[in-house]
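Engineer: In case you want the letters, here they are:
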Amino acid sequence: MRETKFWILHMAAGLVILALLGTHMAIMHLGELLRLVGVGPGSPIEFANVAARGRLPIFMVTYIVLLAAALFHGLFGLRTILLELTLSPRAERAVTVTCWGVGVVLFLVGAWAAVAAAFLLPGGAS
Amino acid sequence: MGDRESGAAVTTVIFRVQRYAPEDGAGSRVVEYRVPVADGMTVLDGLIHVKERLDGSLSWRASCRMGICGSCGMWINGRPRLACQTQVAELGTGVVQVRPLPNFPVIRDLVPDLGSMIEKHRGIRPYLLRRDLDELERPTAEYTQTPADMERYVQFAYCIKCGCCMGACPTLATDVRYLGPQPLSQAHRYNADTRDDGFEERREVVSASAGVWRCHFAGECSEVCPKGVDPALAIQRVKRELVFHVLRLRRRPTPAPLAPPAAGLERRPGIPEPPPPTAGTL
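So the protein sequences, as listed, match chains A and B.
Here our numbering = 1-based position in the first sequence + 41.
Here our numbering = 1-based position in the second sequence + 3.
Rather than coming from a laboratory, the hints here were simulated on the basis of the structure.
Zero decoy hints are in this set.
Which chain A residues face chain B? A few, computed with CB under 8 Å, are given here:
no. : residue
1   : Glu44
2   : Lys46
3   : Trp48
4   : Ile49
5   : Glu125
6   : Thr127
Computed, partial: chain B to chain A, Cβ under 7 Å:
no. : residue
7   : Thr177
8   : Asp178
9   : Val179
10  : Ser210
11  : Trp216
12  : Leu245
13  : Val246
14  : Val249
Pair by pair, the computed Cβ-Cβ distance ranges are:
no. : chain 1 : residue 1 : chain 2 : residue 2 : range
15  : A       : Leu62     : B       : Ile121    : 43 to 53 Å
16  : A       : Leu126    : B       : Leu236    : 19 to 29 Å
17  : A       : Val150    : B       : Ala24     : 53 to 63 Å
Bear in mind the structure is a predicted one, so any value in this text is a computation, not a measurement.
Ideal Cβ placement from N, Cα and C applies to all residues, glycine included.
Let the sequences and hints guide you as you build the complete structure.
Structural biologist: Have a look at this one:
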């Protein structure tokens, strides 16, 4: 049943990405649209605004969730492609372990960046 | 042949047939035959003409000539079809290209080795699985099933194991370990049968690395199936059942009970008693 669980997580991660990328798009572009009618805040891609958002715990959590979802979705898709090369069972296990390893390392690095931005940089939540 | 004898129009069609003889060691080659074709002639009729009149060494597999046995599946003008159900006229061309079914090893000429499909089919345990083993071994009555229950699976029971779906599957073309549409559709055929209680036994096979999750839903299996089985639909339903099982949303149905003995019926005069059972009497 492992493959079924992986597939369900793959779909769930896709939905999470869809929702969070929608949020990202709204943040990136809604300000521009609002500014057209004279009520918009500053540019969302200015460093000060990016840093300010990064200090908010809600954004930190969002970044970490999006990172986890994107890594799982992408690496599971990559694993699926590789397994279709008719690998031996041993090679299949190696691909699975490698994908998990790469995913965990990248997640830890990315999550650390989000946590550091929120709590450790000057002006952070702490 | 009768049409030609009765004076129906006859045209000459070129059959380009892929030939292969393992003892030659020369690989496959394409040989052309000029075949007189009348209205209503099938590709199988054309191949029979070649074998009887032009080249007796041509090999293929066929039996019933009426789309029942599933023996004559082959690649005809770009897609897997049953040679006995494909009329030359419906192809709409003067050239008929015939090759063995893809995704299978070739034994000789147009004869594929379907052994891998049969093994995979056997692996999903394509028969009723129940806990009342004594009743299965020594049946005393029929299991009840309503027409509505039967409708849930009967479409998938039309499979004749011709291998056309396997030959059309793009996933199987690159991954020989993928179970493929024929075994997976038959897993659903039995899972959907109210008399069956074997979902748990088949679950590990169909959800394994080479199981349903390799399906890309290209749908070619359903396009080419000569019996309208729709294996792609069956595979999607297997996926749904597996997901519902993991999410604990799948209700485990109670397998159909035995039908009560018929009451008030008498054997008609002259109808003999059935012979004693032969199974399980040793």
